[in-house]
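Since the structure of chain A is provided, determine the placement of chain B on it from the hints.
Those protein sequence lines, which keep their order, are chains A and B. Going by the numbering used here, the first residue of the first sequence is number 1, and it counts up by one from there. Going by the numbering used here, the first residue of the second sequence is number 1, and it counts up by one from there.
The set of hints was computed from the structure by calculation and includes no laboratory data. Check before you lean on any hint, since a few could be wrong.
So the derived list for chain A, only partly shown, Cβ under 8 Å to chain B, looks like this [said to hold, decoys possible]:
#1 Met84
#2 Ala88
#3 Val90
#4 Val91
#5 Ile94
#6 Phe101
#7 Val103
#8 Glu113
A quick note: this is a predicted structure, and the numbers were derived from the prediction, not measured. Virtual Cβ for every residue (Gly too), placed ideally from N, Cα, C.
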Amino acid sequence: MSRTVLICDDAIFMRTMVGDILSQAGFEIVGEAETGVQAVEQYKALRPDLVTMDIVMPEMGGIDAVREITQHDPAARILMCSAMGQQALVVEAIQAGAKDFVVKPFQPSRVLEAVNRVLAA
Amino acid sequence: MDTSRYAALFFTESREHLAAMDTALLAIEQDRQVAHVDTLFRGMHTIKGMAAAMAFEAVEQVAHALEARCDPLRRGEVPLTDQEIAALFDGVDRLRATVDAAANGQTALAPTVAAPSSPPSPTNRRVIEIRLVADCPLPGVRAVLVLARVRSLLTVRSTQPPEATWAEEKFDGAFAITVEGDAEERVIVESVRGAGDVARVEVVDARDREAAPTQVARTVRIDASRLDALLDLAGELVITRDRLVRALEAVDGPPDRQVQRATRETARLISALHTEVLEARMLPVREVFDRFPRLVRDTARELGKEVMLSTEGQEIALDRSLLDAIGEPLLHLLRNALDHGMELPDDRERVGKLRSGQLVLRAARDRASVVIQVQDDGRGIDRDAVRTRAAAQGLIPDSMTTLSDEALLNVLAHPGFSMATHVSTLSGRGVGVDVVNTRVRALGGHLELETLAGAGTVFTLRLPVTLAIARAVLVRVGTSLYAIPAAQVVEVVDAEQRDLSPSRDAMQRETVTVRDHLMPLVDLAVLFDEEILPATDADGGQYLAVVESAGRRAALLVDGLVAQQDIVVKGLDPVRGGSHWFSGATILGDGTPALIVDVHRVV
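This is chain B alone, in the form it adopts within the complex:
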């Protein structure tokens, strides 16, 4: 009988229980309520039961020992001291370790582990595989009778599927019993057949049936290249679909009904396929956020600080590969906050704060992005110290007297920047800000910073919701084509009617008013260093594409509107010069390349 089917379920469920147990542990630490111990107990009890059914001895034994320790605590017979709590933390960690080991095929009890009742290392373990006759009435009962007979001859270690499920509707009369003992095969077979309604019985060596080192696939991680290939194909299909549709429309003469119908159907199916692939790739950020609370607690303790991590917006979904990629940047930011942002409890008390620091990991949706924030209520970043250091390193002009949040971030993210002079209490290696920034940019996103001295710091990661395919507005600037992500285009208006205003914005740009909004006017031809075409144009003039990002708008002056269509987004190598304004590139249906405008940068 194939057990690997159940193995996947075992690991998924066990890991879920372990995660819930972690949450309970943290809660116990906070309020010492015995009710949380109950949750712990139930988790270990369930894992123990499942492990027994899977014949994962090591897991079963560790869970059992943990249960034994937990029981008196649960019943209030033993008080919840710091020592006991620490032991519980250790115990859950050990349980997790044995589950992980089991996932790698190490299911048997290691001989050196001192366990309450360790079974002898099995040399004569066998599996009896039984199939009952097809029309057997009450197969569950028949199986029980078979089991009773087997028990009279051998020691039964486990059954597949578990005996408790035999009475269920779905039991199909095929089952296996793992046994130990010396009874002869002939005797076993005869006894089993004697139970009646047995179609087939086979006795095999347990080693031949053991699941091969189960590389049980975690349900979250998927081979990145495979997923990328899938999305690429889906994306190309969408583009090709559009080409097909346009080609058909361009054909002279009466349209062929059959061809039209088939094309419509194909187009519809491709859209549906693309949507499925996109959605299959989306996962809630919870998948990544989950691992952090425990980590923060442990790290804070190491540093002698008291910090609690709370999370918000766990259900916000992100593309899978993005999810995989943000784990590390978030870890860097959290560690930074713990290392440098958070003060020691005594220091916090001295300035009137609570001894325990608050760290918040937050996810939210914006128009076209997912916004993830790491916020702390620590000491904030010392602007002056950074400014002085940056000037000393020649990164900023001496004349700059203050650093705005944006400038501050640019300095911190500069690969050459370092706060480590000789000895500084801030000991700012600013470790990871440049790494985080690079990673986030590579994902097509942005990093933002807000900080207030004495109050705290917020790092904001702004990431695109989906990769690969985006609706874009194709525009012509000079002789080149550019793509502007449609999600960030508010509207397009005739440039002839632009309402220039007399004032200039903070960056000394001209401003215009469009529908009562005052915004900067950006001449893309100038920005992108394109040929400035004569004012008169066959297309009938220029346009203003009003775009928005992070609440700020701008009017982009373009020479012509080409189309609004789906494009396959390809990343840009950040090393290439001049990519400052662009978040990616695409190849259009006819082979023309177009750069994708990074709206956030432009506004």
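Isolated chain A (complex conformation):
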């Protein structure tokens, strides 16, 4: 059975790009969220193997979403998708429970490396 992933980003463009990379690697995209609130709701409903999370989103940002999801499920595997120059925020996200990160623009190989690390941990 292929592994499931929940993609959280407020831009369709980003969700599509990440989605393409992951589905080509054999993942099943079971959900997409545009806001932090949706991210938490969908996680609880779908229990995906992996979550990709953007930092800046309306209605609850990515870091808060990470915190809530991790509180709900400490074993949650969340990968932060960040732009360059957001170091302090990404550190915060890690401290909130995210397991790893990738930076935009995405390089498929790097994304997959990160995903594998997250799943292996």
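Here is chain B on its own, set in the frame of chain A:
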């Protein structure tokens, strides 16, 4: 990872905080304001944080204990009693001691110290050194991920650089984690690499990475000989530069443009170099003054007196070596003032003074000197008692009925003078005045004294601003050359036109009027015991060099003006006879020696 770079910063900052804490302590003693306790608290808190980052356990623990004591005081839960204040003084002293110990390599907690939570003596402490790949995105975050993995295997003691700095721009992806625990190296390496983007990871024994007993150089003191050598060289360069320039001017024929240009450039660079060296050597007197307020307070307490030291002119700058050298003389003068000058609080009250005595340490600039004063509002020096004693010792003629301030100082500074007869309430060993005077003279300076019975005393140290190179006016007296410090030369006028006045000055010298100033005329040929040359001279006559020191002027009669140039000042051995009129000597460009006139003595 090399920690010594941060060590220097740690010690400089810690010492600054400790100095600020001392100031706060003194303020607390004065007005018991809780706001000062806040300052104290912030200082110890900062030192604690820095110590933790440097893995200086002893400092961290002492700071922590001090913080714990300070916190309830800061919040007003515990009143600021004398006992608490004394405990704070002790605590800051202990903190300072641990910082000093850390500077000597003793950073670990001594096993006998009872501390709140002392970590076990580490036998398996290791350092994991990590370097992330060069193009790693967000290296700070990657480092955090590495740290998280390490934490799951071992106990993390500290990180270099501190974790808080990893998110900064300047973090370069190289860091080290000091750990304790038994995890196998292989497991550690695998886990660290598993974090991704790790280029290099190495696990070493902590002992191999410990900074060697850090002789952390204090930022103020510099090896004296090295500094002197630097200044000597700079000085010689300046003299040689002048010789080069003069030699070039003397060359016959059309000037070589290239040579001229190169010479000008060299001359300019040498001047700039010399200025840099001079300025590098200047430091504000604050560096020396800072240590005294606390000292005065402690000493006054020991003596049962109440004395506060205030300082003025802390930003006035002095040559470094001078600064180093005046510390001790100032200490002597301060102790003297505390021992002998200051009365006991009750005695002060009885004569209508405030119980608390005022001691002032003051620095100011004069034309060519830095003036430092130690002033007290104590009982003043008993002129009569000193005079009687001095006459008894044969130092002054019996016929002298009063001692002027100058004569008083000369007596006090006389090595043989002692006030200790049998038992005297003044118990004047006059300890140190002769020492202070000798030191100050050796530095090319002067000591002055003013005292008023019942009101107080002022000792004034007058020191040259810079050493080594001075602009001087070279003059000929008889067949010898002499140098007069240009800074003290007001002007030079033709002696033919001297306007002799009928009166004589206090020392029975002839006087002249120059530009409406009446001043003594000093014939240097007579003063320096030189051959008196016939009045007519190829140079066209004699000159009067008008000089000034400490507000007093004199007109020096010289046989000829030679030049105005820079000279390298070399000290004179004070033992040599006849050096009374001279503050130093110099070797001129052509090898001729010239004595430097001590203007202060002459006026």
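How the hints compare with the structure:
1. For A:Met84, the shortest C-beta to C-beta distance to chain B is roughly 7 Å, which falls under 8 Å, so the interface hint holds.
2. Interface restraint check for A:Ala88: the shortest CB-CB distance to chain B comes to about 5 Å, inside 8 Å, so the restraint holds.
3. For A:Val90, the suggested interface contact is upheld, since its CB lies about 4 Å from the closest CB of chain B, less than 8 Å.
4. With its C-beta approaching chain B no nearer than about 5 Å, A:Val91 sits inside the 8 Å limit, and its interface hint holds.
5. Of the supplied interface hints, the one on A:Ile94 holds, with its beta-carbon coming within about 5 Å of a beta-carbon of chain B, less than 8 Å.
6. For A:Phe101, the shortest C-beta to C-beta distance to chain B is roughly 6 Å, which falls under 8 Å, so the interface hint holds.
7. Below 8 Å, beta-carbon pairs count as interface contacts, and A:Val103 has one with chain B at about 4 Å; its hint therefore holds.
8. Interface restraint check: A:Glu113 against chain B, minimum CB-CB distance 6 Å, threshold 8 Å, status holds.
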